[in-house]
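S.K.: These are the residues of each chain, in order.
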Amino acid sequence: MKFAVKALSSGKARAGVVHLGSCPSSIETPCLLLSTRKGLPIFISPDLLSSLPSPDSNLLQFSPLHFSEGPSPKTISSIGGLHQMVGLHEYGFAAVARDSIQCLPECGSTNKTGASFETPCGRRLIKPVEYMEMITSMKPNLWATLADEVPAWANNKRNKTSVDRTVKWLDECIARSPAGGAVFGSIVGGSNIEERKRCAQEVAVRNVSGYWIGGFGLGESMEERPSLLNAVTDNLPKDWPRMICGLGLPEEVLQGVAAGVDLFDSAYIYHLTIGGFALTFPLDRTEKIDYNYQLSDQGSDRTKINLRATVYRKDATPIVEDCCCYTCQNHTKAYINHLLNVHEMLAQILLEIHNTHHYLGFFRSIREAIKEGCFEQFQKKFVQSRREHLAADVVSV
Amino acid sequence: MALRFEVLGRFNRARAAQLTLPHFACQTPLFMPVGTQGIFYTQWHFAYIFQVSLLHLADITEKGVTFQSPVDGKPMLLTPEESIQIQNRIGADIIMALDDVVRTTITGPRIEEAMYRTLRWVDRCIAAHKRPHEQNLFGIVQGGLDPVLRYAIGGLAGGEDKDSFWRVVAQCTAALPEDKPRYVMGVGYPLDIVVCSALGADMYDCVYPTRTARFGTALVPEGVLKLKHNAMVNDTRPIDPTCACMVCKNYTRAYIHCLVTKDAMGSQLLSYHNLYYMLQLSRNLHSSIVEGRFVCDFLQKMFPKGDVPEWVCNAMDVAGIDISSCCSS
Chain A
1 MKFAVKALSS GKARAGVVHL GSCPSSIETP CLLLSTRKGL PIFISPDLLS SLPSPDSNLL
61 QFSPLHFSEG PSPKTISSIG GLHQMVGLHE YGFAAVARDS IQCLPECGST NKTGASFETP
121 CGRRLIKPVE YMEMITSMKP NLWATLADEV PAWANNKRNK TSVDRTVKWL DECIARSPAG
181 GAVFGSIVGG SNIEERKRCA QEVAVRNVSG YWIGGFGLGE SMEERPSLLN AVTDNLPKDW
241 PRMICGLGLP EEVLQGVAAG VDLFDSAYIY HLTIGGFALT FPLDRTEKID YNYQLSDQGS
301 DRTKINLRAT VYRKDATPIV EDCCCYTCQN HTKAYINHLL NVHEMLAQIL LEIHNTHHYL
361 GFFRSIREAI KEGCFEQFQK KFVQSRREHL AADVVSV
Chain B
1 MALRFEVLGR FNRARAAQLT LPHFACQTPL FMPVGTQGIF YTQWHFAYIF QVSLLHLADI
61 TEKGVTFQSP VDGKPMLLTP EESIQIQNRI GADIIMALDD VVRTTITGPR IEEAMYRTLR
121 WVDRCIAAHK RPHEQNLFGI VQGGLDPVLR YAIGGLAGGE DKDSFWRVVA QCTAALPEDK
181 PRYVMGVGYP LDIVVCSALG ADMYDCVYPT RTARFGTALV PEGVLKLKHN AMVNDTRPID
241 PTCACMVCKN YTRAYIHCLV TKDAMGSQLL SYHNLYYMLQ LSRNLHSSIV EGRFVCDFLQ
301 KMFPKGDVPE WVCNAMDVAG IDISSCCSS
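Residue numbers (the numbering used here), protein chains in the order written: chain A, 1 to 397; chain B, 1 to 329.
Derived from the structure by calculation, the hints contain no laboratory data. The reader is advised that the hints may include incorrect statements.
[Claimed, not checked] Derived BS3-like pairs: lysine-lysine, alpha-carbon spacing no greater than 25 Å straight-line: (1) A/K197 - A/K112; (2) A/K304 - A/K197; (3) A/K2 - A/K12; (4) A/K314 - A/K304; (5) A/K127 - A/K74; (6) A/K12 - A/K238; (7) A/K157 - A/K127; (8) A/K314 - B/K74; (9) B/K226 - A/K381; (10) A/K2 - A/K238; (11) B/K262 - A/K314; (12) B/K74 - A/K74; (13) A/K12 - A/K381; (14) A/K74 - B/K228; (15) A/K371 - A/K381.
[What the hints assert, rightly or not] Away from chain A, derived, C-beta distances all over 10 Å, residues of chain B: (16) H229; (17) K249; (18) D307; (19) V318.
Note that the structure is predicted; figures quoted are calculated from it, not measured. C-beta: ideal position from N, C-alpha, C; glycine also.
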């Protein structure tokens, strides 16, 4: 894996380029890692995956725990690794034990032998040895070391233990590191600035290719997050990539970018999709804020629309008028409304395609803003315009 | 007429033909994937056939059928005229007349009533059809299993035994005009399609391939493969090594096993393979009829021990096809 910072905005946001062996093209950062279940998107079939913008959509994230009841590491090795097993040879895979959708850290059951997660197959404890066995058989392009993540309300003692443990496991994972595949050292520290700093400093001196920032999206508030993020990134070398889990919403992603994070996972697309929502927030950065926007009273705002709403029953227009995703090019809001009403899975497939496409567009806007040196204004304007609509909402009711 | 049906080859009663529709040209025998509620496989190009599939038949009168709306449960009356009107608006290449469908397992005067009423309704459908040059109206013949009343091929695939089933199909194909396609609705299993094609039917539809996919079952030349089975957990072979579909070219049984019944993607991949399998079966039937080597290959793969079911042997007898090389007895 190769990574290079190409541009900086006036703060700490940076635009970069990451190159992975299996991907034919380099991928620009900040970028989104697409969520998968067992290596394939949750709904988008493999043949429709290529309709998403490339190479933006070529980075996928999975958890080795997805396979805890699946083919054995030996079988996966004999198939040739994850890329072979899921038939996506020209994609990049990032392996992280935590999956913000379905492998959630369960710190109560984590102990000195391993990390505990709530998974669809029940609670699983995974030890560094087992974790590395799976990593070795799957051969992801990059992988995060096993971490002990605690929620924001963990007490200081537990938090300190999690830092010590995470660093210890990092060393154990590195010792068993397979050839090929970039190691991302995991950094935790909960909502304690000092512990965050301590962990980052410890990991920064290890022999890793990048950093995975864990423990976010587990109860910390929007207000306290920037200082916690900065406590980490201020203590990391600038030239290595930083990946994070748990910052899903657009505003949260912007916080991560502002702190100098390069790679993001997100459960946002999944939750929108299963809720029947489609993203509609404007991606055009020059668009003026429209104060006269008429709010529908059916759970729509300028961010997204709820396609289950009866107001869309006869709406023969695409979700977003000039969107060039497969869904908007081929189908209407009325059709998706119908699919949702009759409980057809095609609804989720079409929505996941559109929502992914749209969110990738958001990341593209972020990169453009950084390259033009105006990311800070971009972030401010974005957050402000969303708040203004909520305020207008309150007034109009 | 908005279709052209050109027979390219025969094998006794079996026909291999070219069917040209307004939006599509295809070859028969043809399996058509069923898209309930308007869903068709997004990447494949199909001419659309529309059928009114009545879920809960509440009441049938001369006027039409009253049934429960699947959306809100309210009673709805569907008349022959209205069903044609809806289908005219949807624009499918093939539309179906509204029939008075009865279960083939019932007996008595109801069968005769259904048959005559269906005929009257077909006339009303023909009169109401506003787009005869763009959409083809298919008549459905009813009449239960009574050989005297039967002319056509609807109302089967509903639980009758195989022996009665093939006899009805045989009688219908013998009586229906040669120069028009015969569509056996709701059929079915690959073996049933082979037998019906041997007897002179051309088009089929069924939920079976996609429904069985949702339960983790794949269609293969030997019959079925249950991907849910524990034996699959480390099996690194493709579902069917002879299949050229995207799924068999890219995925192992082991991987599909870990998906099925747990992740939507499992149903998707298996549905894809199963539909591909059915279309490949159609293609093979067409070319094997044209090349004069029909049926035996298929039966030998499905019944390697020669235990071909008796109803199949009887049907092939009537179809005039010699399958002695496939049977052990």
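S.K.: Take the hints in turn and mark each one as holding or not.
M.R.: Status of the hints after comparison with the structure:
1. As the CA atoms of A/K197 and A/K112 are separated by approximately 22 Å, the hinted pair is consistent with the 25 Å bound.
2. Using a Cα cut-off of 25 Å, the hinted pair A/K304 and A/K197 is violated, with the two alpha carbons roughly 37 Å apart.
3. Between A/K2 and A/K12 the alpha-carbon distance is near 21 Å, which keeps this suggested pair within the 25 Å criterion.
4. A threshold of 25 Å between alpha carbons decides the hint, and for A/K314 with A/K304 the separation of about 18 Å falls inside it, so the pair holds.
5. Taken as a hint, the A/K127 and A/K74 pair is honoured in the structure, with Cα atoms around 18 Å apart against an allowance of 25 Å.
6. A threshold of 25 Å between alpha carbons decides the hint, and for A/K12 with A/K238 the separation of about 10 Å falls inside it, so the pair holds.
7. With a C-alpha separation of about 22 Å, the suggested pairing of A/K157 with A/K127 holds against the 25 Å cut-off.
8. Using a Cα cut-off of 25 Å, the hinted pair A/K314 and B/K74 holds, with the two alpha carbons roughly 21 Å apart.
9. Between B/K226 and A/K381 the alpha-carbon distance is near 55 Å, which puts this suggested pair outside the 25 Å criterion.
10. Simply put, A/K2 and A/K238 have alpha-carbon atoms about 14 Å apart, close enough for the 25 Å limit, and the pair holds.
11. The suggested pairing of B/K262 with A/K314 is violated, with an alpha-carbon distance near 34 Å, which exceeds 25 Å.
12. Only pairs whose Cα atoms come within 25 Å are accepted, and B/K74 paired with A/K74 is rejected, the gap being roughly 56 Å.
13. Restraint check for A/K12 and A/K381: the C-alpha separation of about 18 Å stays at or below 25 Å, so the hint holds.
14. With a C-alpha separation of about 20 Å, the suggested pair A/K74 and B/K228 falls inside the 25 Å cut-off, and the hint holds.
15. Distance check on the hinted pair: A/K371 and A/K381 sit about 17 Å apart at the alpha-carbon level, within 25 Å; holds.
16. Under the 10 Å C-beta cut-off, the non-interface status given to B/H229 relative to chain A holds; the minimum distance is some 14 Å.
17. For B/K249, the requirement that its beta carbon stay farther than 10 Å from each beta carbon of chain A is not met, with the minimum near 8 Å.
18. At roughly 34 Å from the closest C-beta of chain A, the C-beta of B/D307 stays outside 10 Å, upholding its exclusion from the interface.
19. With a minimum CB-CB distance of about 41 Å to chain A, B/V318 clears the 10 Å threshold, and the non-interface call stands.
Comparing the model with each earlier hint shows violations of hints 2, 9, 11, 12 and 17; every other hint is respected.
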